[in-house]
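Q: In case you want the letters, here they are:
Protein chains: 2
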Amino acid sequence: MGWVIWVDLSRMKYFKEPLRAELARAYVGGHGLGGRILFDETPRWVGAFDPLNPLVFVTGPVVGTQAPCAGRFTVVTKSPLTGYFGDANAGGYWGPELKFAGYDMIVVKGVASKPLYLYVGDDRVELRDASAYWGMDARSADRAIRSDLGDKAVRVACIGPAGENLVRFAGIMSDEAGRAAARCGVGAVMGFKKLKAIAVKGSLKVPVMSSELLAELSREIITRMMRDERVIYFGKAGTPGSFAALWEIGDVPSYNFRGGEYGGAGSPAVERVGYPGGYSEILANRKTCYVCSIACRRVISVRNGEFKIEEDVEGPEYETLAAFGPNCGITDIRAIAKLNDLCNLYGVDTISAGSTIAFAMECFEQGLLSKDDTGGVELTFGNAAAAIDLLEKICRREGLGAILAEGTRRAAASIGGGASRYAMHCKGQEIAMHDPRAFQSGGVHYACSPTGGRHTEGLTVFHEMNPPASSEIPYPKIASRSSIDGKAELAKLTEDWWAFTAAAGWCNFARFGYGSESTYLRVYAAVTGVELKISEALLIGERIFNLKRCFNFRHGCTKGEDTLPQRLLTEPGNAGNVVRLNEMLKEYYNLRGWDLQTGIPTQDKLSALDLSDLIDKLRLRG
Amino acid sequence: MGWVIWVDLSRMKYFKEPLRAELARAYVGGHGLGGRILFDETPRWVGAFDPLNPLVFVTGPVVGTQAPCAGRFTVVTKSPLTGYFGDANAGGYWGPELKFAGYDMIVVKGVASKPLYLYVGDDRVELRDASAYWGMDARSADRAIRSDLGDKAVRVACIGPAGENLVRFAGIMSDEAGRAAARCGVGAVMGFKKLKAIAVKGSLKVPVMSSELLAELSREIITRMMRDERVIYFGKAGTPGSFAALWEIGDVPSYNFRGGEYGGAGSPAVERVGYPGGYSEILANRKTCYVCSIACRRVISVRNGEFKIEEDVEGPEYETLAAFGPNCGITDIRAIAKLNDLCNLYGVDTISAGSTIAFAMECFEQGLLSKDDTGGVELTFGNAAAAIDLLEKICRREGLGAILAEGTRRAAASIGGGASRYAMHCKGQEIAMHDPRAFQSGGVHYACSPTGGRHTEGLTVFHEMNPPASSEIPYPKIASRSSIDGKAELAKLTEDWWAFTAAAGWCNFARFGYGSESTYLRVYAAVTGVELKISEALLIGERIFNLKRCFNFRHGCTKGEDTLPQRLLTEPGNAGNVVRLNEMLKEYYNLRGWDLQTGIPTQDKLSALDLSDLIDKLRLRG
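Taken in order, these protein sequences are the chains called A and B.
Counted the way numbering that gives the first Met the number 0 counts, the first sequence spans residues 0 to 621.
Counted the way numbering that gives the first Met the number 0 counts, the second sequence spans residues 0 to 621.
Careful, some of the hints might be misleading.
Derived list of chain B stretches under chain A, where covered just means 3 residues or more per stretch with a C-beta under 8 Å from a C-beta of chain A [claimed, not checked]: (1) 7-21; (2) 106-118; (3) 399-405.
Okay, derived cross-link-like pairs now, DSBU-like style, lysine-lysine, Cα gap no bigger than 30 Å in a straight line [to be verified]: (4) A:K558 with B:K616; (5) B:K558 with A:K558; (6) A:K558 with A:K604; (7) A:K604 with B:K616; (8) B:K585 with B:K476.
Think of the hints as simulated: they come from the structure by calculation, not from any bench.
Computed from a predicted structure; not experimentally measured.
We treat Cβ as the ideally placed atom computed from N, Cα and C, and that holds for glycine.
With the hints as constraints, model all of the structure from the sequences given.
A: Written out as structure tokens, the structure is:
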């Protein structure tokens with residue numbers, strides 16, 4: 000285990016302490032470890048835009064080791080979008096670099112009086128003037144900081160203008176704006192703190208318990224990956240490779256989740272933007288994160304035309320493709336690639352950005368927004384130029400953009416006239432681009448997700464499409480995607496497992512190579528010396544999931560917010576179904592050990608999860 | 000009844016509508032009417048610094064009529080200091096002027112993209128550029144706006160630099176920075192909205208139901224006032240006139256409520272700053288608010304020396320005198336006058352400012368703050384120059400000032416090391432300068448005050464000092480100030496009556512002239528045509544008090560926050576007592592009809608108060 004840096008930007012002070020072993024054992028890392036810090040450091044009266052709101056950068060025990068597909072870092076903070084638990088994570092190289100410098104976690108509190116960045120180079124920790132970088136896009140800032148440091152090998156996590164402008168769904172970018180930790184608006188909190196960047200350079204080796212065993216396991220995993228057809232296809236296709244299959248089952252939302260044929264009747268727009276298809280035409284290369292042989296990162300080239308991008312950049316992931324493609328009705332892959340790049344430069348979450356623009360398009364169509372509001376722009380579905388214009392206005396907070404920069408929940412309240420029916424959010428965060436009407440477990444998952452409608456806290460659509468023949472986790476039998484039988488349990492088990500693996504620092508796609516759950520745990524033991532059974536790992540995941548929920552309830556959440564946008568409960572969408580939420584909810588609460596009246600985890604459940612100390616804090620909400 | 004203006008700064012739009020009669024009947028005006036708007040317009044996920052947080056300027060039915068001592072306006076918003084219900088009110092001339100223009104209320108939502116001010120001149124409503132006034136102190140801004148409008152008779156309510164800088168206890172100033180609506184940080188919300196000012200000019204007569212009856216009643220009241228010895232003394236002495244008597248009983252806190260002889264052993268500092276005494280030496284004149292023959296406003300002159308003020312300005316009220324005097328240990332009335340004037344110019348609440356500086360002084364004394372933090376200043380009790388320096392830093396958010404600008408609760412959390420024991424707040428707001436250890440009813444009142452430790456929601460110290468021989472309100476018998484018998488009931492009845500009279504627009508000091516409660520109700524009937532019995536007026540007050548509490552609970556408050564700073568419960572202070580809070584709390588809850596487990600008003604109570612519609616919103620906290 001490494002060290003923790005505590006930074007107070009208000010007092011321009013910092014100190015270091017070793018990570019406490021019992022914290023690491025109970026909460027592992029990522030949203031677990033960072034989440035416990037957030038819970039302990041944040042009284043309920045502290046808001047998201049509040050100097051006291053901690054911004055925690057945290058890796059995980061397996062990050063930076065030889066273990067494949069384990070290079071992620073997580074940012075934890077009280078979310079300005081939801082007002083509840085916020086976290087976001089990203090792959091790439093920043094997380095491992097922090098480990099190389101000897102640190103597991105950086106906790107940033109306070110607010111700087113002028114723009115600063117934090118430099119961490121092994122023992123050296125410095126708060127430096129960032130005035131010169133303030134206002135720069137995320138890619139330029141990344142390059143400028145490294146150039147000024149005279150060390151290209153430094154890794155930078157930074158915000159773009161959207162974070163500076165407190166856009167509530169701003170993210171934190173790394174790898175020259177190629178990777179984004181962007182959900183929950185973590186970049187806006189960084190902007191509020193006037194912290195432009197954290198630049199990291201490390202020269203140490205991450206200590207592991209048994210490096211020989213780890214090497215052997217890693218070889219085994221990589222060998223399996225290299226032979227696995229799914230991995231080979233995934234490497235070729237990236238996340239956009241699943242677009243057509245997901246469209247087929249109605250999982251991909253179109254026209255702000257209203258549904259409808261994408262691109263118009265008989266026009267195969269799915270092919271025009273998906274892979275293979277239109278995406279192949281702009282695909283220039285692949286990229287990889289730290290110690291990953293999958294290489295699902297895309298590099299695209301759009302060097303001319305209306306949507307020209309000056310250099311080859313990272314291409315849209317599936318979420319982005321869906322958010323700006325069918326959900327905004329845009330059918331030109333080059334426009335989608337341009338929107339993706341703008342999101343990366345300004346530093347905003349592509350899911351929330353796409354969903355917010357789709358929301359505005361539907362408001363325009365419904366007459367709730369007029370050309371007066373849009374500055375004369377015809378904000379219709381499919382209008383790529385209008386989407387680009389609006390995205391820039393959002394990131395700069397200009398005109399209508401200032402209202403939309405607040406996210407769909409707040410924007411709907413500002414616009415009024417029933418606009419809230421078009422705001423596709425859970426607890427204030429725009430839901431991910433997997434329509435739960437196509438897989439019922441997704442409905443109860445979105446509704447109860449502590450961070451509101453995520454796809455990285457336990458996405459079950461692939462499981463529902465192709466239930467595994469066997470598994471070490473006792474998943475229930477799945478009759479069909481439209482059935483609700485076993486769906487609450489599927490959601491719960493997936494959430495718990497993902498909560499554990501994410502906390503440890505693994506990428507979701509590690510599963511392609513690791514094959515079985517016990518492989519993860521063998522790697523975990525080789526790295527940490529802690530041998531866990533599957534049930535123990537699930538218990539840790541459950542602890543983390545409940546910790547996040549307890550944070551929410553302490554901060555004012557009630558079970559009334561365990562719900563979905565009305566549209567998903569009443570309109571059939573592309574899947575031709577509605578989510579049967581109420582039927583699943585009670586089963587889910589019982590499985591989770593949550594009080595049916597209040598939605599709060601019972602004292603017995605909290606005791607079983609070693610979270611008894613939260614009980615008093617929940618009661619008094621002090 | 001008049002009209003309401005709804006302004007959306009984000010969309011630069013406004014509309015007008017007549018005030019709905021049933022709202023006015025149920026909630027009267029002020030914190031009642033504005034409070035109902037706040038409750039309805041503010042989902043729990045909206046923070047204080049949030050474009051959706053409404054900022055409501057509201058007068059009352061008797062304001063602007065011939066009725067004496069009824070010229071107040073109230074500002075209602077979600078408080079950035081407490082995160083709960085926020086209101087502040089002020090006398091002077093701005094409220095009546097708004098009535099003359101035909102309006103009862105202005106509801107401001109959204110946030111402007113650049114500094115604006117609102118001009119209201121009868122039918123004319125305009126949002127105007129305020130860039131030229133941004134950064135100006137409140138007095139200069141007031142004068143500049145009126146000068147630029149070419150109309151000296153315009154009345155301006157505006158913020159100073161503290162509001163612009165989001166100092167959490169910033170206020171809204173009027174009458175050339177002479178009057179302050181400053182509690183709960185309402186000025187910071189105005190600053191967040193980039194609304195520098197509201198300038199008002201009216202030419203209409205406020206319609207009343209029976210002007211003959213009102214004229215007769217007003218003559219009767221004024222005649223009584225002119226003969227009343229208390230009124231004559233109060234006019235001569237102003238609020239500082241009660242300083243010595245309150246000091247005598249231990250009601251005036253010293254040294255951050257730690258207590259101790261003010262000015263040192265044998266040194267009669269009370270005389271050096273009080274009236275008569277030191278205050279007399281700087282007193283230059285008296286001033287009055289709209290239709291008030293008491294004239295308790297002070298004008299002071301400090302035209303030379305270390306604490307020179309360039310012109311004659313309004314002098315410190317009792318609260319300010321106590322906050323900067325004994326509570327900071329400052330014994331020079333000229334220094335206190337200077338601090339008062341700086342608070343007015345920057346636009347901050349003098350109670351919170353004084354309490355925050357006293358808090359910092361105690362932290363310095365205890366070694367929790369060092370010269371490193373203060374920029375080399377010896378921040379000891381009694382150091383007037385240090386207090387002035389720190390006040391300016393707070394208002395400008397410089398150095399340690401940036402931490403203290405967040406109020407004592409947040410500053411204590413930033414400073415750590417147990418500093419929270421020196422933060423003299425309830426629910427995040429610094430308590431007023433009446434030490435409840437000197438009068439037990441004040442303890443339960445502060446603890447349960449919806450806005451946290453106020454002196455204008457029901458101050459019982461004078462009642463406990465001199466219980467009235469008889470009263471139309473069925474007050475309980477008071478054995479002594481140190482006894483708790485009847486104190487819960489005294490607090491409740493006082494709160495309910497004050498809630499009603501404040502909502503109608505009366506000044507607290509109207510009681511000197513009105514004599515009996517039924518006089519208020521006769522005036523109320525003459526103005527509105529609504530005849531109320533005392534019990535009915537108390538019920539309205541109770542409705543408003545509970546509405547404010549329900550807002551708090553919807554926004555995450557729990558009964559755990561019905562408490563006092565530990566010091567008041569464990570240390571004797573100047574009164575030689577502690578507050579016996581727990582003993583009073585249960586009785587108070589029962590009298591109020593609040594659930595003993597949760598602290599939430601019972602359904603029966605809410606039904607009795609015609610607040611049944613809040614029940615669902617409380618349950619779901621949607």
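Q: Check each numbered hint from earlier against the structure, then list the numbers of those it violates in ascending order.
A: none
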